[in-house]
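For the record, the sequence lines run as chains A, B and C.
Quick note: the first sequence uses this note's numbering, first residue 1, plus one each step.
Quick note: the second sequence uses this note's numbering, first residue 1001, plus one each step.
Quick note: the third sequence uses this note's numbering, first residue 2001, plus one each step.
No false leads were mixed into what you were given.
Heads up, simulated PhoX-like pairs for lysine-lysine below, C-alpha to C-alpha not over 20 Å straight-line: (1) A:K353 - A:K297; (2) B:K1053 - A:K353; (3) A:K49 - B:K1052; (4) B:K1024 - B:K1123; (5) B:K1089 - A:K297.
To give a feel for the contact side, a few chain B residues facing chain C, derived at Cβ under 8 Å: (6) A1045; (7) W1047; (8) C1048; (9) V1077; (10) D1078; (11) K1079; (12) D1080; (13) S1103; (14) V1106; (15) P1111; (16) I1112; (17) G1113; (18) I1114.
Simulated from the structure, these hints should not be mistaken for lab results.
Yeah, the Cβ is synthetic: ideal placement off N, Cα and C, and Gly gets one too.
Below, each chain spelled out in residue letters.
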Amino acid sequence: MQLRLSLATATLLASMALQAQDYVSLQYLQYDEGSGRTSVSAPALTINKDFGADYTLNAYIVVDAVSGASPAYSVDTGSGASAFSRGIGVAAATVQYSNISYTDTRTAGDLALTKRLDNRDELNIGIARSQERDFYSSELSTEYMHWLGDNKNKSLSFGVSYQANEILVECTVAGTSSCDTGSGASEKMTASVINTQLTYAQNISQNATASISLFGIMESGYLTNPYKNVVRNNNGVTADVVGENRPDSRKAYGVSLKYANALRSSLTFHTLYRYYTDDWNINSHTLDLSLIYELNKKWTLDFGIRGYMQGEADFYNGSSTYFTSQIYASSDDRLSNFTSSTIKTNVEYTMSKDWSVNFSANYYEQSTDLQALYFMTGIRYNF
Amino acid sequence: MKKILLGIFLSLNLFAYEVGDTLKNTMAQHLNIDNSKLYVIDFYASWCGSCKKELPLISQANIQIDTNKVEFLGINVDKDIQASMEFNKETEINFRVINDSNSIIVSQFNPIGIPTLYYVKNKKIMKIITGALDNIDKQILNDIKEME
Amino acid sequence: MKFTITIIVLILFSGCTKEIKPWEKGMLAKDSMKSSSKNTIGKKFEEHMFFSKEASKGGSGISGGGCGCN
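Let the hints inform the model, and build the full structure from the sequences given.
Right under this line is the structure:
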């Protein structure tokens, strides 16, 4: 749930980009945050298969094993270990902000079919499913790409997806839900996400392409994180440690610009800029730059950097003495004001026409005092 | 020198060969084609995924034709001559290929996509197929039957 | 902000770009032009990570375009 993830809607659409080759690829990810926080091990498999000249099928499956801890407010029950406990009118001195441990397994997959029409326009249809102990997500998506002009240098695409999520919220958690807190049962909450995207893309020279996308995302339902608490009515003597509460709708929109240039036949430069804004008052800027260098026929090196900055949600506050009777309240630092940077490297070795292996080492850092190292290694077979 | 001049001349040209047009004599000479046969001319490139799928089928069709009456001709439009040569070898093309790395031929034909297939008889364009087809071999054999 | 985006868009998409012919797309057809990493599953992992660690999403699923080279 912490690394939760409904398959990001947009990711699915990205996976449909045409690869003119049949392949199967297996990757293994190891992700580790410092100081006992989250670790993820995730093997993933993808298969891409063309059926004639008109159809391409892409299937992807990943299994994440997540363990570790994530910081949140809780009540120190004196048992030693940091547990996920809440309480009304507890002694203020027992309120702590510390790592709460958890484990989870996520299984997620998607299937996408691309159909090329007689005029070479493309229709994509995708389904996706993601499952955790306490979270289920199903998604349907479709996108149509239309070429503007005979020379196929300009295109317009429109895509839309619908995601239905089910979140199991434990009833033992006081103040979270209306069900019987003593029974140990869970209450099923729901949320939905509609994502739309309009993209104009153009070849701007024999070695450069650019695109602009406008996107809008509408979320509604239970958008609160059931594992995050806030502290209310802290008067220095007593305090209430209760579940956070987020609005039950979120409307976001933004623009992203992409530019790719083959500087030489062996060196390609990519840049992406994204601006995002939503009605929780979160704004963000993302800049991603990368280089792909084909050293020779066998070795390819990727290098990338990504910078990100976001402003905080208007109902966010990290302090234990801030919230009183506000309806919406969250101390989840993912909704705070922060910056992050990522350094990415990947090396691919092509053993033969059919086989290649890769290794990737990456570093992610957030100004919220989060650092992570993640490695990926994999093998690919073209058939 | 002659080739370069021809190239410059042709690249300035906004002309495209359509069905019913007759090839200029300079072009026919350049392609080394005459009036004795039906020519099936395929424009392709190593970087074109669907060409890679189509070419083995075209080679297969080439085995089933009367070579006294029909000739297949490939025009590899790769600018990278080395990639062009490697690709020709890899795909085991069994017909004559011209490496058009200076785009002299392709810019004259001016197809709207790669791959594009032209049928030429008596220097006249009989039919054009743009884009890859799953059953291109059968399509070609049928078309030949109709045109002979 | 808006000004910067407008300028970038105008430069990228101005009508003064020369029409690229179908046979001139050898570079555009390269895998390295289609995706910013050879490791496409890795990109998915990353999207997932950013999605779970940051509060914004969207805009990354640009499956439109392509080079028109098939």
